[in-house]
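**Student:** Here's the letter readout for the chains.
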Amino acid sequence: MTLWKEWTNRLRYLRGRTRIDSDLEHEIRFHLESRIDELEASGLSRDDARRQAHGEFGSVNLARDDSRAAWQFRWVDDAVADVRYALRTFRRSPGFVVTAVLSLALGIGAISAIFTALDAVVWRPLPVADPDSLVLLSAVPAGLIDRLRQAGVFSDVIGMRADGLSFDDGDRAERIVGEAVSPTYFRALGVRPLLGQAFSAAVEQGTWAPEAVLSYSFWKRRFGADPAVIGRTIRLNTVSFTIVGVSAPGFTGLTRGSDYELRVPLLAEGRELRQMRLIATGDWIEAAARLAPGVTRSQAEAAANTQLREFMRTAPEPRLRETRLRELHLRPGGRGSDEMLQPFHATLSVLMLLAASVLLIACSNVASLLMARATARAREIAVRLSMGARRLRLMRQLLVESFLLSMMAAVVALGVSSWTSGVLPLFVPQGHISIVVDLALNARVLLFTLALSTVTALAFGLLPALHATRTDLAAALKSDSAGATGVPHGVRTRRLLVASQVCFSILLLLSTGQFVRTLFDLSPADYQVNPSRVLLFTMKPQPEIYSPARKLAIAGEVLRRVAQLPAVQSAALAERGPLGSRNESRTVQAAGRSIDAQPDWVSPGFFDTIGVSRVAGRDFTPGDRPGTPYVAIVSQSLARALFDGTDPIGQPLQLSNDRRHRVFSIVGVVSDVHYADVHRPSEPVVWFAFQADDDLYMPTLHVRGRTAETAGLTAAVRGEFDRVDRGFPVFNIRTLEGRIEDAIGRERMIANISAGFGVVALLLAALGIYGALAYAVARRNREISIRLALGSTPGSIVALVSREGVLLAGTGIIAGLTLALPASWLLAHYLPGLSSPGWSVVVGAVSVMLGAAAAALCVPALRACRVDPVTALRQQ
Amino acid sequence: MPVDDAQLLPGTLYLLVLRTLANGPMHGYAIARRIREASANGLDIQDGSLYPALNRMLVKGWLAAEWGVSENNRRARFYRLTRDGRKQLEAETREFETLVRNIQLVMRTA
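Line by line, the protein sequences give chains X and B.
Under our numbering, residues 116 to 991 are what the first sequence spells out, in order.
Under our numbering, residues -14 to 95 are what the second sequence spells out, in order.
Excised from the complex, chain B in its bound form:
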């Protein structure tokens, strides 16, 4: 099943991935696990939908990927942020914070 957009703000998955990779290169499975942990299972994201997102971000040039060896000694593909990706992360973080602040503002005044 695809990502249910109704539960996810637009671009949230990108933001999550960018945020996760900000700490350093990671392979796809590790990203999935980190997102699962970080969101404390609160987001209903299927693992499979991560890969189209990763590929789209590769096309956009936010990420770069190379093959390496995983902690369990398997060949795995590691993703890292490019300079564009870092810029995108900053921009999206700012945007997201503004959005959240605005929503909070609305919630408080309502």
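Excised from the complex, chain X in its bound form:
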């Protein structure tokens, strides 16, 4: 308490510094003059009075300085002095500063980039009011929401549902994802829109009106961030909606990783709008709630479950009573729901682990640089110690240097990480619902980086500071450090540091090898025929607007026109297509057996278009149309599983739970492909003729171009869509190659980033070896020159110098290989599907490390044998 008062008083001084100083000046003058007057009055001469007064007062300067010192934060002034001194020493050794700052920047940058991603994906709370009182309920019967509202434990309960919508602004229709939310959604979350006032008061009170709140990014993308957008009318599924707000940047709803284009109010329960199924409350709905003040989550959960039991007992719909929902579980909602981003948690954790090793290597590198410097500065430090500087004071000085290096590194690192933040999203797979992660630099990242660099400074600076100030005074002052021949202080620690750098680099290289191998193992070999030439166009004709017959007719017409384009080799439709983001297996029965298979509905020419070879039988033909017998084509593994080697062609096959009890006749077999998931062995697939089915939901047009040029082809295909029907939305346009890359996006992310880390680690370790050897050569300059003078061959000198390097690298490599096994267990714990490293990876990693070590050896070794004995000896 008193300390606090002292501090605030001092802070006041810092503000009114000049006034207090002049007060002091004035006061001392008053004292002296009063005394002089008094003495003069008692009979002394003016001069004597002055002399006596000054004598009694003592040193004016001292009184002034000590008084001023009472007000100052001493450590502030000391710190300023330390910083000045550190900057002066830095200016004298720019090479050291650049090396240290870059090493640290790479380490800190690696971590803060991964932190940014982890924060965005896992940790950062939603930008809503009081996120801690938000809870998620998952899907509940819609009728339950009103009951929960009245349970007394929630201040509000909101429902939401997201799905595709057809948006048109006068031009061609665009497929977007909209979220229908309870009218009180924005109020319950306590989010204020950037523009407008969100849903009107009437809507919030239950009178539905066609109002829409745009997301910030949709507003920027589609409306050019036009502030006059409020009040404008847009058409969603042909229904006119009025724009009443634009969400603030950063607010993307309660589903982490999503950024739906707009939000519209849900209709009251039991009502519906024919053109837009999305906004009907329906039977089930995703729900979230805000806890009433003072209510805990477990209290609310108990109350909610009482309501649920009561609701289920009296549910009007027997269907609801039969559901398995027996208990509600309230999850903390402050961070939103993370189903979309869950797959990235483990990947990012592993990347954080790798980044931490990079920083560790960087720290050890800079620590050994500092120790080398300390040896060079041993005399300076000894002199300062002998002149009475306290050890703590000197250590502080050295630590201030470390902090400065670390802070400079943090600044560079933030630049590095803002660059990597731009790289990370490239690995995020994009399906029919985009994943959006905000990786922009923010205050949390800044704060983290600052804290990290402080810890880093201690990590690499403390040991060298302790070492440097433990100098044996007499020895350091007496001996010429350059002439010392024994193993001086700190050299052993430095060797240990360098060896540990090699050790960690080997570990990083090994895991990189493991990731790259996994990537290769996963890359599907099924689509080898120029997947980069295959363009995919997904269509989303809204079922409310297009009848099944019209959808088929339009899709068929587009297909016919596209197939005739000169740049197109072949084109086909598929409801799902390979590696689409939708997959759901169905049970297939034939010959008395059944198996789970991925079903799909395709048009003739599909297999040739995506580059999957047909093994037996025929492809679908235009002749397979409604009214003709149902036909199917199966993958080899399905044929093998159901028919055991007997010819499947002509065999009947059925889908379980098929309401129409269709019997399909197998007309063809194609080779196995990874159709839904590349992470598992290729699963059985069964294809049905498009014409056989009478509806499509979200089909994809697959177009194989004649050349690798895709931009012109994309425009041409889009043109055909426009000519046939501008209200038929097309989205998610990409190549098959892009889709394959997306399927292994996480593995590509980890392999690429860890490869980057591996290169950095290798560089740092090589730098460490180089530094240690260069220093050793400089230290043993005299010894080497004597050896040369006595007739040693340059070869033997190179061997002498290399021995230390080989020893360092060898120790590190052996240590790394010893740790490799537990490390790979650790990685496999996080990433279960990881390939084992195998000998090729181990040999590769070791030889790369040895190569780097050899390169690092070269310069000091050559320098050693070029030592001119005469000059070297004369210099010393």
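You may find that some hints are simply not true.
Pairs of lysine-lysine, DSS-like flavour, derived with a Cα cap of 30 Å [stated by the list, open to error]:
# : chain 1 : residue 1 : chain 2 : residue 2
1 : B       : K45       : B       : K72
2 : X       : K335      : B       : K45
3 : X       : K120      : B       : K72
Simulated from the structure, these hints should not be mistaken for lab results.
Given the coordinates of chain X, work out where chain B should sit on it, guided by the hints.
**Tutor:** Here is chain B on its own, set in the frame of chain X:
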């Protein structure tokens, strides 16, 4: 020259200043004169060392200072005790008396 700590018990100067100001606000020179008189020149305190002490006590919040006019019609800085200062004076007086009593006790029994 700074205060010679060997001749002065720790905190004595603070105690003297607090004690002096207990009678009312005073400027620095007057405090110096009063201390000189009160201790009958027995303490070797240089006038100059009073000011760092005054400033330290300002920082601690025991004293407050404001400008006024001295008896000889000059601008002077007047110090007065704050509530914290008064409390400190009581505490230090008690401590000092205990110390003196203990010393006397030792002197008598020795």
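**Student:** All hints, please: hold or fail.
**Tutor:** Going down the list of hints, with the structure as the test:
Using a Cα cut-off of 30 Å, the hinted pair K45 of chain B and K72 of chain B holds, with the two alpha carbons roughly 12 Å apart. With a C-alpha separation of about 57 Å, the suggested pairing of K335 of chain X with K45 of chain B is violated against the 30 Å cut-off. Straight-line distance between C-alpha atoms of K120 of chain X and K72 of chain B comes to about 15 Å, which keeps the hinted pair within the 30 Å bound.
In the structure shown, a violation is registered for the earlier hint numbered 2 alone.
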